[in-house]
Amino acid sequence: MLRFILRRLLITIPMVLVVVSVTWGLIRLAPGNFYTGEKPIPPAIEKNIRERYGLDKPWYVQYGRMISNTLHGDFGISLKYQGEPVNRILKNALPVSATIGVLAYLLALAVGIVSGTLAALRQNSNLDYTSMAAAMIGISLPNFVLGPTLVLFLSLTWYVLPPALWGGPRHLILPVITLSGVYMAYIARLARSGMLEVLRSNYIRTARAKGLAERHVLIRHALRGGLLPVVSFSGPALAFLLTGTVVVEKIFALPGLGNYFINANLNRDEPLIIGIVAFISIVVLIFNLMVDIAYGFIDPRVRY
Amino acid sequence: MLLSVRNLRTYFDEDGRVVKAVDGVSFDLERGETLGIVGESGSGKSVTNLTIMRLIPSPPGRIAGGEVIFDGRNLLALPDEEMRKLRGRRIAMVFQDPMTSLNPFMRISRQLTEVTRLHLGHGKAEAYEHAVHMLEMVGIPDARKRAEGYPHEFSGGMRQRVMIAMALSCKPELLIADEPTTALDVTIQAQILELIKNLKQETGTSEILITHDLGVVAGTTNRVVVMYAGKVFESAPTGELFSRPGNPYTKGLLQSVPDPTCDTKELFQIPGLPPDVANLGPGCPFAPRCFRAEAICKEQFPPFVALTPSHHSLCHFADEIYKGAS
Chain A
362 MLRFILRRLL
372 ITIPMVLVVV
382 SVTWGLIRLA
392 PGNFYTGEKP
402 IPPAIEKNIR
412 ERYGLDKPWY
422 VQYGRMISNT
432 LHGDFGISLK
442 YQGEPVNRIL
452 KNALPVSATI
462 GVLAYLLALA
472 VGIVSGTLAA
482 LRQNSNLDYT
492 SMAAAMIGIS
502 LPNFVLGPTL
512 VLFLSLTWYV
522 LPPALWGGPR
532 HLILPVITLS
542 GVYMAYIARL
552 ARSGMLEVLR
562 SNYIRTARAK
572 GLAERHVLIR
582 HALRGGLLPV
592 VSFSGPALAF
602 LLTGTVVVEK
612 IFALPGLGNY
622 FINANLNRDE
632 PLIIGIVAFI
642 SIVVLIFNLM
652 VDIAYGFIDP
662 RVRY
Chain B
2 MLLSVRNLRT
12 YFDEDGRVVK
22 AVDGVSFDLE
32 RGETLGIVGE
42 SGSGKSVTNL
52 TIMRLIPSPP
62 GRIAGGEVIF
72 DGRNLLALPD
82 EEMRKLRGRR
92 IAMVFQDPMT
102 SLNPFMRISR
112 QLTEVTRLHL
122 GHGKAEAYEH
132 AVHMLEMVGI
142 PDARKRAEGY
152 PHEFSGGMRQ
162 RVMIAMALSC
172 KPELLIADEP
182 TTALDVTIQA
192 QILELIKNLK
202 QETGTSEILI
212 THDLGVVAGT
222 TNRVVVMYAG
232 KVFESAPTGE
242 LFSRPGNPYT
252 KGLLQSVPDP
262 TCDTKELFQI
272 PGLPPDVANL
282 GPGCPFAPRC
292 FRAEAICKEQ
302 FPPFVALTPS
312 HHSLCHFADE
322 IYKGAS
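These protein sequence lines map, in sequence, to chains A and B.
Just so we're aligned, residue 362 is where the first sequence starts under the working numbering, counting upward by one.
Just so we're aligned, residue 2 is where the second sequence starts under the working numbering, counting upward by one.
Be careful, since some hints might not be right.
[Stated by the list, open to error] Straight-line alpha carbon distances no greater than 25 Å define the calculated DMTMM-like cross-link-like pairs of lysine to aspartate or glutamate that follow:
1) B:K252 with B:E41
2) B:K146 with A:D660
3) B:K125 with A:E575
4) B:K86 with A:E575
5) B:K198 with B:E241
6) B:K125 with A:D489
7) B:K201 with B:D277
8) B:K198 with B:D81
9) B:K172 with A:E575
[Said to hold, decoys possible] Quick look at which bits of chain B chain A covers, simulated, 3 or more residues with Cβ under 8 Å:
10) 78-89
11) 180-194
12) 232-241
Think of the hints as simulated: they come from the structure by calculation, not from any bench.
Please read all numbers here as calculations on a predicted model, not as lab measurements.
Cβ atoms here follow ideal geometry from the backbone N, Cα and C, with glycine treated the same way.
Please take these sequences and the hints and turn them into a complete structure.
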């Protein structure tokens, strides 16, 4: 077990390096520069800027510096946010994204598991049809439609909740609902199909034949196997939720990682892009590892 | 009389059709007796017994009629809670497929203690000791250590032993074994049957043994019920069924058993396939495959003829077959 974890953690390093290398290459391919604007700047100033940021050096020197930065976990100074180290931006933006992400995930988990399980228990009932129709809508409705719709009604028509920005707990409600919508729907469907499969299985029939009450059959025997698909979905889902979702943060003008990520890309802010990409890929890899470890605890047949 | 099944009907509603899986089945079981139920796949053996346990998934299944009198009470009329208290306590079941019938996520010990803690009110330690004792009784070596294992660490035969230990741990009055050896190797089959037989004698449990293996029936049962298309075709004491069958279907089944003393003879088989029980005509469901069938068989449903007080056969020509076999 310990060896398995160590090996997986070690593999993380080359994988992150591959991800940042590809990202670095793509930034090179994209047209434009962080200093070019609508107005052309004099060649002398451009030369100064290039020297100041080391862009006059050959590509392999620049690449080597980026890799060395990544390995040291210090991504340097942002090009656009003057004087701001990338690490400080990450540190400030992460709590915003993480708060919304975790809350959205918990909400999705609670609503998804409960409605999915109930739907499975009453298969083909009105409850089943209603919740699965809602899940279908949840999956099909993009959050850039759901978010503004909620804002339109709850903030701009009835004035119940603030439409945007980072403030007290009331500011969290709309972004969290918007963000969790798709995940909620997805988890509900996973829970339903997982539970349906398990509830039809022979060992559940055995449990019933033992005379166990239906709630014990469900809680002690069925939930574990039935919710395994939700567990495997949780790793990547949680990783993406924690590291910020570009669209929702943009809609609600939240100072999270996603928002910084968009701006960094638009600005060709290389250190910030590399920093955020490296951070997200580490989080994704670690959450996947955590799911694999969790599997070992849930399913005794899994061995490392 | 421990169990009396009267005119039991279990139907499944599928796509607007009514599948009559069990249609008017009756039989009795005395205390201490073993009843064999034989028949081809789809003849309604398992559904009959799941109905007795009230474990038919509904929908699509429904119990359309009849009575299951267990120790003087009609199980089909009991409230759910009462029925639940009976399951596992007074009527226990061993299923066909031991590979999937145990919960893969739960330790063996817990799957066993769960039953006795529920029905016998055992405490944690007492239930655990009882579980180890039961595992020893069904012949699991090193039972105390193995109890901590999970089902995937057991072979098929060992899992079936665990199932039997679980079923017998509350000393039930009735054990329903639904093809307990079908999924096992031939050598293990004999061991498991022997085990059930011995434990049954020790605990005084009555048994319903469902199988499609006539050899198993001959060696272990007192009475046999032959089922076909959801109906009882013949019911007789085991010895008499084998020596003097009173039904063409039973005769066909007996002829289909390979004879090891005569290996040159081609194996007999009943022509055709079992009928679609959602789509039966008015006549005898076996008529299209029957060597004795006449026009009347296709038009009129056959009578359930009493050949002796304990031997019945569903056939227009039951007397003739019975006498011809003598």
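Item to complete: Measure nothing beyond the straight line between the CA atoms of B:K198 and B:D81; if it is 25 Å or shorter, mark the hint as holding.
Response: The hint is violated at about 31 Å.
Worksheet item: Does the structure keep B:K252 and B:E41 at a Cα separation of 25 Å or less?
Response: holds (14 Å)
Fill in: Pair hint outcome, B:K201 versus B:D277 [Cα-Cα no greater than 25 Å]
Not satisfied, since the Cα-Cα distance of roughly 37 Å exceeds 25 Å.
Item to complete: Verify the proposed pairing of B:K146 with A:D660, using a straight-line Cα cut of 25 Å.
Response: Cα-Cα ~20 Å, so holds.
Worksheet entry | Coverage of the stretch 78-89 of chain B by chain A, judged on three or more residues with CB within 8 Å | holds (count 5)
Worksheet entry | Restraint check for B:K125 with A:E575, where alpha carbons must lie at most 25 Å apart | holds (22 Å)
Practice prompt. Measure nothing beyond the straight line between the CA atoms of B:K86 and A:E575; if it is 25 Å or shorter, mark the hint as holding.
Written response: Holds, at about 12 Å.
Worksheet item: Mind checking, does the stretch 180-194 of chain B have 3 or more residues with a CB under 8 Å from chain A?
Response: This one is violated; 0 residues, fewer than the three required, reach chain A with a Cβ under 8 Å.
Fill in: B:K125 paired with A:D489 [C-alpha distance capped at 25 Å]
Roughly 39 Å between the alpha carbons, so the hint for B:K125 and A:D489 is violated.
Discussion item. Closer than 8 Å Cβ to Cβ for three or more residues is the test here. Does the stretch 232-241 of chain B pass it with chain A?
Written reply: violated (count 0)
Fill in: B:K172 paired with A:E575 [C-alpha distance capped at 25 Å]
This hinted pair holds, its Cα atoms lying about 23 Å apart.
Worksheet item: Does the structure keep B:K198 and B:E241 at a Cα separation of 25 Å or less?
Response: holds (21 Å)
This entry does not satisfy hints 6, 7, 8, 11 and 12, going by the numbered hints stated previously.
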